Amino acid sequence: MTIPVSITVNGRRYDREVEPRLLLVHFIRDVLGLTGTKVGCDTSQCGSCTILLDGVSAKACTCLAVQADGASVTTIEGLAGDSELHPLQESFWNKHGLQCGYCTPGMILASHELLRCNADPSAEEIRHGLEGNMCRCTGYQNIVRAVRDAAETMQGGTS
Amino acid sequence: MFAPQFDYYRASSVAEAAALLEQHPDSKVLAGGHSLIPVLKLRLAAPSALIDIGRIDGIRGIREEAGRIVIGALTTHAEIAASATLQSGATALSEAAGMIGDPAVRNRGTIGGNVAHADPASDLPAVLRCLGAEFSIAGSSGTRTVDAADFFEGLMTTAVEEHEILTSISLPSGSGGQGSAYAKFSHPASRYAVIGAAASVAVADGVCSAASVALGGLVPAPVRAEAVEDALVGKALSAGAIADAARCVGDSLDDDEVLGDVYASAEYRSAVAHVWVGRALTAAAARCG
Ligand SMILES: Cc1cc2nc3c(=O)[nH]c(=O)nc-3n(C[C@H](O)[C@H](O)[C@H](O)COP(=O)(O)OP(=O)(O)OC[C@H]3O[C@@H](n4cnc5c(N)ncnc54)[C@H](O)[C@@H]3O)c2cc1C
Ligand code: FES
Ligand code: FES
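Residue numbers (my numbering), protein chains in the order written: chain S, 1 to 159; chain U, 1 to 289.
Excised from the complex, chain U in its bound form:
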C-alpha cells in the first residue's frame, strides 16, 4: 500500500518544528510513525507534509526533576518498559509499555505519539490518567502544561492544537507504601486493549489511604473510576474488599459511551470490566512496600 504523496521536513529543534507546522498548512508531526504511517497507507489522512521530529534529542529520555519523573515525548515504549526509574517509581507505566504490540513496535513507537494519537484502544492514556500525569505542550507562542483530566478530550482528540508539539510528560515519583499496576485484556489479533485498567494505591496503618483507578480501551477517552476509589479508601486491601470495590466500576461508566465491536460488544465489556479493575488493584496492592 502506498501513502498519498506528501512533502517531508526534518526539524532539529522544537522551535523549528513549530515554525514548520505553521509554514505548511495541513502538515502533521511524524514521531515513530507506528500510528501515522498505517493511517497514511490506509489513506485515512492525506497531510500536505510531514514534519519529522524524530531526531530532536532534547525531547527524548527519562529524568527525575523536583520530585517528578519527566519523560520526553520521543521516548520509545521499549525504553519506558526497560527504565529502572519507571519500574520502581511508576510501575504501571513501564508495565503497560511492555505490553504494547510486539518488540519491534516497542522499538519504534513513542509515548508522545501514543498519547497524541489518543486511540481509545491504546494503553498509555489510561495509565497516565491514573498516575496524575502532566503534559507539556509547545507552540510558536510558548509552552503550557495540561493535566491528564484535560489532556484527553475524546475519541482521538487531545489538548494538543494543530501547530503544537507535545514535548514531555511528567509524573509524581512514587513514594513508599504505594504501588501501581496495569491489567490488560488484549485483543487476540491486534494486541490493542479491549479493556485496560490502571490502578495506583497507597497503604498507611494497614488501610488504603489513597486510590486512583483509570480505564481505557472500552471508552473514547480514559476515565477515572471514582466509585471504585471511594469504595476502597479507608479499607484494608483484602481480596474481598478489592472485589467489592471493583464491582462499583459500572457507576463510573456511561452506558452510552462504552465502545463495542464485532469482537467484544459494549455490554460484554461493561460486564467484565470489574475483573480487570480487580486484577490491577490486586497487583498494585501487592506492590505497596
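So that you can see chain S by itself, here it is in the shape it has in the complex:
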C-alpha cells in the first residue's frame, strides 16, 4: 500500500506517494534529499533527528511520514533567512557550541523549541530543556552558553 502525502518542508510543498511505514526522517533525508537532519540512535533517545512539526519540536525518527500529511515541517536547512543565519546558528558558531556537528541540527531545533516556550531561560532551564538531545563531543557547556547568547540576542532584537 502507498499513501499520497502533501508535506510542506521549509516553505515548499512536496506531494509524494509513500509507504505507510516510511519514517518522517527518511522522507526528509532520502525522499527529499535534505540531509541536514541526522539519524543518531533511531530509538527516540538522542534528538539528532529533531525537527519542527507545525512549529513545535518532534523527533522525526519516531513519526511516520503519513502522520505529517498536511503539516508544515522546518528542518535546519529552513531556519536561516536568505542571507543571514538564525540567531541560534550564529550563537552556536560564536560560542563554539559544536565540535563534530552531528548533534547540532537537532540541538538547534530543540533550542528553538526551548526559546519558544521560555524566551529567557536560566542555564539550568536550558539543560533541562535540552534533556532529549545528546552531544558526544562538547560536554554541553558551550551549548548552554550558545543558547543563553541566542536568547539575549533574540530578546534584544524584539524589544
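If you're looking for bench data, these hints aren't it; they were derived computationally from the structure. Note that the coordinates shown come from a computational prediction; the quantities given were computed from them, not determined experimentally. Worth double-checking, as some hints may not be accurate.
[To be verified] Each pair of labels, with its calculated beta carbon distance range:
| id | chain 1 | residue 1 | chain 2 | residue 2 | range |
| --- | --- | --- | --- | --- | --- |
| 1 | S | GLY55 | U | GLY142 | 36 to 44 Å |
| 2 | U | HIS187 | S | ARG136 | 16 to 24 Å |
| 3 | U | GLY234 | S | CYS41 | 49 to 57 Å |
| 4 | U | ASP251 | S | ASP30 | 54 to 62 Å |
| 5 | U | SER48 | S | ASP30 | 46 to 54 Å |
Even for Gly, the Cβ is constructed at its ideal location relative to N, Cα and C.
Following the hints, complete the assembly by docking chain U with the ligands onto the known chain S.
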C-alpha cells in the same frame, strides 16, 4: 530500523475508527506513535494495519464538566503539563506529564496512548489510579466507563478490548484543603519511572481527612498503598507522621510482583519505595490550601 509493512487508514471520527478496527483484523490504533512506532521498529509487533486516530478533534483537549475534569485521549503530555485547570485541580497529573521523557516526546505523546500502552514504567497510570480517574471506552456497540482500579489489569494490559478506543479520562476536580503531587525516581538513561509515587491528601481541622497513594514503576500495574493511607488519616501531616506512614508501603507491595532489572533490583526498589512515597506526600501536604 524499518518497521514491518502495514496498511494505514486515517479515521475522522470515533465511530469510523471502531468500524475500521473491526474491518481489519490484527490492526492497531495509532495515536502519537511514541510507544507504538518504537515497538514496530523493534518488530515486537506486526499489525496488519494502523488506524490513525490522531486527527479526531472531538477526543482532544481538557474541559470541566459537572464537577469533573475531562481529558480527551489525544491530549498531549505537553498540553497536560501546561494546563492551568490541571495544575490547580489535579496537580499530580500535570506534574507527572511534565516529567515524561523530554520536550519533543511530550509534544507528540498522548495521555490515551500512555495508559492504553500501560507500560509499567510509565508515569500516568499511577497518578490516575491515585486521583480516582474514570476511563471512557468506545466500541461499535457503544460506550462504557471503567474506573482506574479495573482499567489497569496487569503488565501492558488494560480494559480496552481489541476493537475499542479509549476516548477520554475524567477526574474529580480538586477542592480546597486538598493537594496532590507526583515524585519520580527516573531511570537515568531512559527517563522512564523506576519508581513513581502519586499522593493526594486532604486536611480538615488540622488533621489528614483523606489520603490516596498509588505506586507505579516497580509493579506490573499501578497499586494503591492502602497501608500508607490508613496510617495517615486522622493524623496531623507532620514530617514524622509522613515518614512513619510512608514506611508502611511494603505492606501494599507483593514481593513476588515487584519488578527488577539490571539497573535496579526488585529488592532495592522495595527498600527505597518509602522515600518516594514520603516525597510525594510531603509535596502534596504542602499544597493543601
Ligand atoms: C524517548 C521516550 C521517552 C519516554 N519517556 C516516558 C516517561 O518518562 N514516562 C512515561 O510515562 N512515558 C514515556 N514515554 C512514552 C510516552 O509517554 C508515549 O507517548 C506514550 O506511552 C504513548 O502515547 P502515544 O500517543 O504516543 O501512543 P501510541 O504509541 O500511538 O500508542 C501506544 C499504544 O496504545 C494504543 N492506543 C493509543 N491510543 C489509544 C486509544 N485512544 N485507544 C485505544 N488504544 C490506544 C496503541 O494501539 C498502542 O498499542 C517515552 C517515550 C519515548 C519515545
Ligand atoms: S535519531 Fe531520533 S532521537 Fe535519535
Ligand atoms: S558536536 Fe559532536 S555530537 Fe555534538
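Comparing the hints with the structure gives:
1. S:GLY55 - U:GLY142: 36 to 44 Å: holds, 38 Å
2. U:HIS187 - S:ARG136: 16 to 24 Å: Holds - the Cβ-Cβ distance for HIS187 of chain U and ARG136 of chain S, about 20 Å, lies within 16 to 24 Å.
3. U:GLY234 - S:CYS41: 49 to 57 Å: holds, 51 Å
4. U:ASP251 - S:ASP30: 54 to 62 Å: 56 Å Cβ-Cβ, so the 54 to 62 Å window holds.
5. U:SER48 - S:ASP30: 46 to 54 Å: Once the Cβ atoms are compared, 25 Å apart, the range 46 to 54 Å for ASP30 of chain S and SER48 of chain U is violated.
Hint check: a violation occurs at hint 5 only; the rest are consistent with the structure.
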